[in-house]
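> Line by line, the protein sequences give chains A and B.
Residue numbers are given in this note's numbering: position 25 of the first sequence equals residue 25, and the series is strictly consecutive.
Residue numbers are given in this note's numbering: position 120 of the second sequence equals residue 1120, and the series is strictly consecutive.
Think of the hints as simulated: they come from the structure by calculation, not from any bench.
Every residue gets a Cβ at the ideal spot worked out from N, C-alpha and C, and that includes glycine.
Any given hint might turn out to be false.
[To be verified] Among chain B residues calculated to face chain A with C-beta under 7 angstroms, some are:
#1 M1001
#2 R1051
#3 G1053
#4 Q1054
#5 V1109
#6 G1110
#7 H1112
#8 L1114
#9 V1180
#10 G1182
[Claimed, not checked] The calculated label-pair distances, taken between Cβ atoms and stated as ranges, are:
#11 G100/A to R1128/B: 28 to 34 angstroms
#12 R1057/B to H132/A: 29 to 35 angstroms
#13 V37/A to R1172/B: 35 to 41 angstroms
Protein chains: 2
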Amino acid sequence: MTILGTITVLSVLSATTPDVFISQPMDQIALVFGGIVGDRHFGWTKTAGVREGQYPRGTEILNRRQISLVAEEDLERIAVGLGVPTVRPEWLGANFLVRGFPDWTRLAVGAHLLFPGGAGLLSSGENRPCRHPGEVLAQHYPDRRDIAACFVRVADHRRGIVAMVEREGTVRVGDEIRIVGG
Amino acid sequence: MTILGTITVLSVLSATTPDVFISQPMDQIALVFGGIVGDRHFGWTKTAGVREGQYPRGTEILNRRQISLVAEEDLERIAVGLGVPTVRPEWLGANFLVRGFPDWTRLAVGAHLLFPGGAGLLSSGENRPCRHPGEVLAQHYPDRRDIAACFVRVADHRRGIVAMVEREGTVRVGDEIRIVGG
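The shape of chain A in the complex, shown without the other chains (with noise of 0.2 angstroms):
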């Protein structure tokens, strides 16, 4: 077991209404087995999108994307990278918004993120973006019409990781994540 370093909770978020991509800040965040019950990606299973093309499109998969994770200084280089200034965690539907280790999009798939709570994540690895953050930061921006096109280009590697719940617990603002190897 391999210690990679630790890294700090700024936030945390829901998307609480099945079909809204925004999420909300909470206070805490109740980790159970399949995400954050009442979150539009809880669930042991999904179904296969245009991420999982290994799959038929629709068909019942096991599900890697429970959790979103993003980091500030990854946000602050998409608002750079964008010409806006500042992009937020909700925009993006992410669930943590943390900050203090270096190049945290390119954690490697199966590190563990252990919460002070007891709390434990399996790294799915990298988010790819879509287009769906692009087209929230279009409303922000509106004249920036090139906005939602521009976003998934800047936000490739910058994007946070996604992750499955590996033991559960709770999870507060402020919380230490240590990081450990696969």
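On the provided structure of chain A, position chain B as indicated by the hints.
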């Protein structure tokens, strides 16, 4: 999605008695979410053991060890290393014996194994050797008192991989598995 190669299923096996480590050959196996119904490793979750030292022993965690796959080439190398005629997959409690992929045990965490019947497995990476198979081997080669102690060392990086069910389906002897990157 990177195509990594193919590998052939030579045997399918299940350990159908909860307290018996050894697996038994079957004609075919139905993979469902959680593993193989009735197999001793079946379940969405498991209790943390020696291999999951990042969690307190005995706590409930995600089961990444639903299925065990060993390569015939690796078993041949283990047999040579131990100086015995053969090492059988059932002695290692394996579920699938496969052949035809280079350095099988080093298959990347997150690789997808796609079966012709529709099933899919997600690689959890290398299965680190424990003492159980060595103790089974010692029963089959009673004149080799050292074999249980030697097994862990000789089988390192040759013990195959463990995996989770990513999509349900049936697996049959002779199936060609397509392997794609994560």
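> Does R1051/B pass the interface hint, meaning its C-beta sits closer than 7 angstroms to a C-beta of chain A?
For R1051/B, the interface hint is violated, since the closest Cβ of chain A sits about 10 angstroms away, which is over 7 angstroms.
> Would the stated hint for G1182/B survive a check requiring a Cβ distance to chain A of less than 7 angstroms?
6 angstroms, holds
> For the hint on V1180/B, just tell me whether its beta-carbon gets within less than 7 angstroms of chain A.
5 angstroms, holds
> Please check whether Q1054/B passes as an interface residue: C-beta within 7 angstroms of a C-beta belonging to chain A.
5 angstroms, holds
> Less than 7 angstroms between beta-carbons is the criterion; does G1053/B satisfy it with respect to chain A?
Holds, about 6 angstroms.
> Let me know if the C-beta of G1110/B comes in closer than 7 angstroms to any C-beta of chain A, holds or violated.
This interface hint holds because 4 angstroms falls under the 7 angstroms limit.
> Double-check M1001/B for me: the hint is only fine if its C-beta lies closer than 7 angstroms to a C-beta in chain A.
With a closest approach of 6 angstroms, the M1001/B hint holds.
> Should the hint that V1109/B touches chain A count as held when the rule is a Cβ pair under 7 angstroms?
4 angstroms, holds
> For the hint on L1114/B, just tell me whether its beta-carbon gets within less than 7 angstroms of chain A.
6 angstroms, holds
> Is the interface hint for H1112/B satisfied, with its Cβ closer than 7 angstroms to some Cβ of chain A?
5 angstroms, holds
> Take a look at whether the Cβ-Cβ distance between V37/A and R1172/B falls inside 35 to 41 angstroms.
This hint holds: roughly 38 angstroms between Cβ atoms.
> Lying within 29 to 35 angstroms: is that true of the beta-carbon distance R1057/B to H132/A?
At 41 angstroms between Cβs, range violated.
Violated hints, in rising order: 2, 12; the structure is consistent with all others.
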